[in-house]
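Each chain sits in its own coordinate frame; assemble them with the hints.
These are the residues of each chain, in order.
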Amino acid sequence: MKVKGFLKDVGGASRVTKMRQELIASGSPIPDPKDPIRELADLLHPGKQQFTVTEIREASPTATTYRLSPVNGHVPVFQSGQYVNFYLTVGDSVLTRAYSISSAPYEARLAEPYFEVTIRHNVHYLVPDWFLDNVKVGTEITAALPFGQFLYEPLRDSDHIVGIAGGSGITPFASMAKEIAHGKLDIDLTIIYGSVKHTDIVCGYELEEARKVAPDKIHVVHVMSDDDEWDGEKGFVTREIIEKYAAKFAGFTKDTNAAHGPSFFFCGPPVMFFLIDKIMKEMGVPMKRFRHDATAQPAVKLIPGFPMDQVGKTYKMTVVRGIHEDVIDAAADEPVAVSLERAAIPIDTHCRGGECGYCRTQLLSGDIFVSPLNDGRRAMDKELGWFHACSAYPTSDLKIKIPII
Amino acid sequence: MKFYKDHYDVVIIGGALAGLSAALQLQQKGINDILILEKHNLPGGLATSYVRNGIEIEATLHEMMSIGSKEDRLKVGVFFDECGVDIDWLKVPEAYRFVEPKKGIDITLHSGFETMANEIDAQYPGWGPKVLEFMQLCNRVYDSMNTLSVTPMSKPAMLMKHPDFVKTAGYTAVEVIDTFGFPQDIIDILTPYWIYVGNPMSTLPFTIYAFLMADYFRGGSYVPKKYSHEMSMKLQAKAEENGAQVEFCQEVEKILVKDGKVTGVRTRRGDVINCDYVICGAYPNKVYTQMIEPLSEVPAGAIKMVNGRRLSVTTASVMMVLDDTAENLGIEDYNIFSAGETMDTDKIWEQGKTTGPYKYLTSICLDLANPGATPEGMCQFSITNLPLVQGFLDLKEEDYYDFKRKMAKEMIEEYERVSGINIHDHIVEIEVSTPVTIAHYVGAWKGSIYGYSHSIDDHAVARLQMKEDDHFIEGLEFAGAHAISGNGMGPAVTNGRAAAKAVIDDVAKKAASAGGSKKKA
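Chains as they are written, first to last, in numbering that gives the first Met the number 0: chain A, 0 to 404; chain B, 0 to 520.
Next up, chain B with everything else stripped away, as it sits in the complex (with noise of 0.2 Å):
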């Protein structure tokens, strides 16, 4: 029995949002000999939900980036409607809402540069236009890296109409933000969206925390009406509509390589499948100690380059069906950032290398911004941290459970002090994921979520430039959180991209080249 056709142009590892939107980057530019495998059963790896006695759970996504209302629609949010993937978005309420109990803080931003700025302003009078004013510079530098992340230029050219975006690329967000010289309330205040990008203030680069920043508040965040499920889904059938094959429980073990040139995959089952190109979602880590076969083929500077580079944050994450309304429970907002020690992102990194308790929490019901996600008379609740692998390394099978429960009642708790919301008594559903529930679901390496640390010595800016010197093996393109533009589910869309750029380039230069030489004959 054959399963497969001989031969495909494109191999896509991962049916998650960079490998679907891989595929549909593909075939706009007519690239359309694409075989998509994926290990689980079901598309967008980590953009998922699952049911639990009927009632259907978002799975991982808080917030969706650059989607952008219909009338200024944001980078990801173009891409969609131009692929014809009609996504039913929602918009979230507000941005969030920062609680800091040991100082009093207690704000609620909505988005909207001036919106945001005037909150600031009741609450710290005379700060609002600072506060604009920095925003401005972030959508700047916002806009500016959108434009040359498909526009190249010279360094001159850059200068002249970049500025913003050239003078602050070598610098953290808390170097940049030091020269505005806020109180340091307003600075935690414009803190919580950093374990977005997982890394501390002190070491994030500028640029990624301005990105994050003009995005989420220019535009407003979104969530699809049917659960981050809708939006994979909705991928998945547009990239077969194109005629993608897309093959479920297709665990792809081993890339084949020869000459230093992609050759084709086999898959856990044993089929052999030749290509010109993978697109590859497993980590960088896994493809060159593991995956690569022969071993031989991979260069000394890959595994440098895996060893060297930090991996960033996995998750800790709580999800709960209550059996009452949020508004009789006394939730009143849909994302909620918790400091219930302290606000200094250097110390709650440290925290994040232990297993807890947690005291920086992320607080999302869905139901505020998707009503009718679950059930009348009910809501679905989660409390999130975003730790390091680290405090999981030596997790025991026989205490895992234990483990996962002790996690999950310190997180709950903690979300009932600062709240003073009772969530125990309500939970009629209850799942708890952990680095290994992400190993085991999607496969990725020890179980992250957001690729390598965007940490200045790793800046998106400097990947961007190095992109020629990170290539290792002729034909393999990366496209996930691990790839350059990192972790998030809007920028795994445009990693997916990039991915898709890169072959569809080599495929015109080998066509020019072929072109070139047969005139020459």
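Bound conformation, chain A alone (with noise of 0.2 Å):
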């Protein structure tokens, strides 16, 4: 081999390392510690941060708003259908609860910024009415945010959502209605919304001002199930239903080609995400019109495959911190978060519902019950026995290892 020249060629490794030396010597000796990547990294996902609630209200009878100011000024930037994980107190317990965002996106880019969350009073989260009972104007809370894939991705979704909503899973589509009628978010929405009575709709005036602003844009149809006041759709949301508004607003016809029919999003509780799935395949939208969002795991009761026989068992669950242990008691039909939290033991959950994978815990031995809806754990994961804690459940006593917090 010859390239240059035989004794260039052999001087070719002192060559470049006299070229690196003076690279070297080249270089500024005054520190540069700036990192523009990291600093942008860190403001779209500043993790736990304090806020001040600034405003309460009722958004129904049966729902609050709370409006939560950075005490640091900053809110980083979200997109509708993203959900805020709340840091609460709780005794000794620090309790990690997620909710959607009701707030639209440019509220948080205001000169004062803020969010909001929508709660429905003595829904049974582990902590019923926990904000209606503990927080007043000025109290400060620990929230970390945005978290969840549950937005309009334009290069997925069509330019007309059909959200369908049950209770107060209204609030991401109320998030998304403020956003268009503000100009931010320029697609069309049509929302299929069920409640109860029409003194549960949750956030009714505000998507009523957002219909108000953009008549041809945003589009609400309330369906009551129980409600003989009311003079507009009754019963539950069904396909007849969906069908019939997604076609008058939507464009939507069964033969409508995958890639150009409306994209169906829901948000709601999980005994109506069964029957919506259900009603999206018979429908036949595809899978890339469909989306959902990830709630929270329902009562074993509603779980598929859950071993009832279990229920009521408790068990011993040793739980390994850093070279730290702990035994505490983990009943049978309560996901191992739960019982974590009931130890005051903390554990980072976001979504609850398996499907982020914050939450994901060693299995050092014994046996669990993972609930399969909204499994979100990687394959090797389950082959090496990892779980997320949020949606697993004892079935005998238990080892685990857990990061410190």
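No wet-lab data here; the hints were simulated from the structure. In this text, all values refer to a predicted model and were calculated from it rather than measured experimentally. Think of the CB as a built atom: it goes at the ideal place given N, C-alpha and C, for glycine as much as any other residue. One should not assume that every hint holds.
Distance condition first, Cα-Cα at most 25 Å in a straight line; then the derived DSS-like pairs of lysine-lysine [stated by the list, open to error]:
no. : chain 1 : residue 1 : chain 2 : residue 2
1   : B       : K260      : B       : K403
2   : B       : K303      : A       : K33
3   : B       : K260      : A       : K47
4   : B       : K154      : B       : K466
5   : A       : K381      : B       : K154
Simulated coverage check for chain B against chain A, where a stretch passes if three residues somewhere in it have a Cβ under 8 Å from a Cβ of chain A [unchecked claim]:
no. : segment
6   : 1–9
7   : 155–163
8   : 339–347
9   : 453–461
Take a look at the structure:
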């Protein structure tokens, strides 16, 4: 082998070393600790922040909206449909609870930025009415945002969304509607919203205000399951109702090509999800055109395959954090994450539905049942026994390892 | 509550491939008192996957190098075997398809030096033998590089036993390729992998280029059956089985130094952990400007080093799940490199300093190497460009999501233009990663994925020769793309092992001198 002559060739290694010495010698002696990329990443995902409750108002006779303003003046950019994770102190425990953001993204970019959540009363989310009972104007709360993939993605979704909501599942669509009305989100939105009675309608005022501003882009259809006074659609949200309004406002036909029909988005309670999921299949809505929000795991009787003979049993759970071990009780019909919360051992859950994986936990010994609903475990995690604590239930004594918080 | 022991022999910052490999290498030599602290809640760093709507998606890995077949294991494959890390490797069907529409080039090459030479010969008759000769040169340099990285040798001995390595070490890829007199089309066809070392051919050391070409074309490349997360998880499981303590969600903020020597680390949570050695996955730029405590312990030379060296590329990648099979969509190849405008890597490099539209793209359809990677009737498909960070430095928070979508849209459209395949109508899931994504998940300096530029003036051979000059703090070793062997998942393993070896050697040296002084006493 000869490149440029023997002497030059064999001197190559010394030559490149000299080049490198010169390169380093040319470096400035002044430290440059600035990393704008990490700074941007930290702005977008700041982690836990302190917020002050600056406004509380009724969103319906059965729901309350809380406005949270950041202590440091910054709310990270979020997209309609994403959620916030609260860190609530209850007794000795810090409970993590996720709620969809009901305000619009533009409100977080105002001179005095904020975001809002709208919470139904008396919904047992392990801490029933914690907000209603504990939160006043001026209360400081720890929260992190934004999370979740339940959002309009223009590279994937149709620019006409048919939003199907049940109960407080309206909040992502309220956020979207406000953003559309503000001119910041250029899509059409047809909302089909199921409530029990018209007094249960959450964010009704916001929806109506947004609709009035953009009547060509926003359509709202209320469906009441048990309200004699109601003169609109009645009963459950059925295939007929969805097809009727998707056709009327969003150009849906049964032969609509997958790529060109509207996108159906669902947010609501698990029982309603089972129903809507079935309807979507019957309607022939392709996978690409049906998105649903990650919901918390329902009561075990609603989880397909749950070993009901376990209900009422309690197991011993050894919890390893670093070189420290605790032994706690773990109810068979509660997720592992809930047993940890009851024992005041912090676990950073987010979606609480099995999907997101923040509460990824190592199973060292014992057996668990993992809910098949929204199972977000990776294949290798399944094989090596890692699970998501929010959606796994002990079926024997357990030994687990979780991150130190 | 006490979560850590008072002292560890070695603390490893970062549970990615380099850190985990370092742990396994230490354990092989009987150093077992190890704590691994990982920022994220899972191991592997960029060697990872994520799940969307129940579908697991590969996050980064295109092709794992240095694995080899069971019969002809290469360096990393051998190490995993020795450690008892048993990964279900699947061979990638072809090396690559290369498409350069302006010149009408469309060729698919497979591994095996003769095979690929014949494939080139079929389109450029008569050139096969010369291509084979070239690949054999690459292979000799490759073998030498592997030998010399573990066996120090005098310069005359090196010249005797490894003449081609020595004689090409001082030249760029272009300079050596030019001696073969190939027509430009063949040069273009031999160039696509350049992006996997993130440096244009005109300043890329031939040594590095040859290593890459020989490694990929000799044994082919591989992917783990259960995504790169399989590799990360099995390395972690083995390190734990051997006694290492692994803790997730623990970002190390400070490396504590006293009198020029490491004494421990402090985590973001506030835990102070004492140790004799730190093997660090964080970039030297961050370590020497933010992490060393006190910063007065950072020598001036360390600052000049990180300021003088140039960061290599970062990533812009669009990852998608598509609602049909690769076959039905018309995607025929696992890996396509497309040069939509030019194959002049200097020009592509200039484009890489912007935010696009990018014209040099790598597209991967995982299901074609890993059938069943995506549920039936679907496939997963990614389009990647590896730009420099420059174009991203002024991005504003408010514009970030729109920016990502614009970039992704342009990349999808460019792929569609070159291939004639419709992608956008089939997207079921889509995620876009940028340097900001990298910085968020793994904390890498400026979202870098490839360490420092593999340029001729920062040559791996020179890095090796200057190893002592680059060592500033006693007990502190670096393991990651920023270390001597540079970027890629294969080299990450090698870098981790090298860092472990430095610790092992130092322990042995201290034991010898302690033994010596005892004898004297």
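Evaluation of the provided hints:
| no. | hint | verdict |
| --- | --- | --- |
| 1 | B/K260 / B/K403 | violated, 43 Å |
| 2 | B/K303 / A/K33 | holds, 15 Å |
| 3 | B/K260 / A/K47 | violated, 34 Å |
| 4 | B/K154 / B/K466 | holds, 17 Å |
| 5 | A/K381 / B/K154 | violated, 52 Å |
| 6 | 1–9 | holds (count 4) |
| 7 | 155–163 | holds (count 3) |
| 8 | 339–347 | violated (count 0) |
| 9 | 453–461 | holds (count 6) |
The structure fails hints 1, 3, 5, 8 (numbered hints given earlier, in ascending order).
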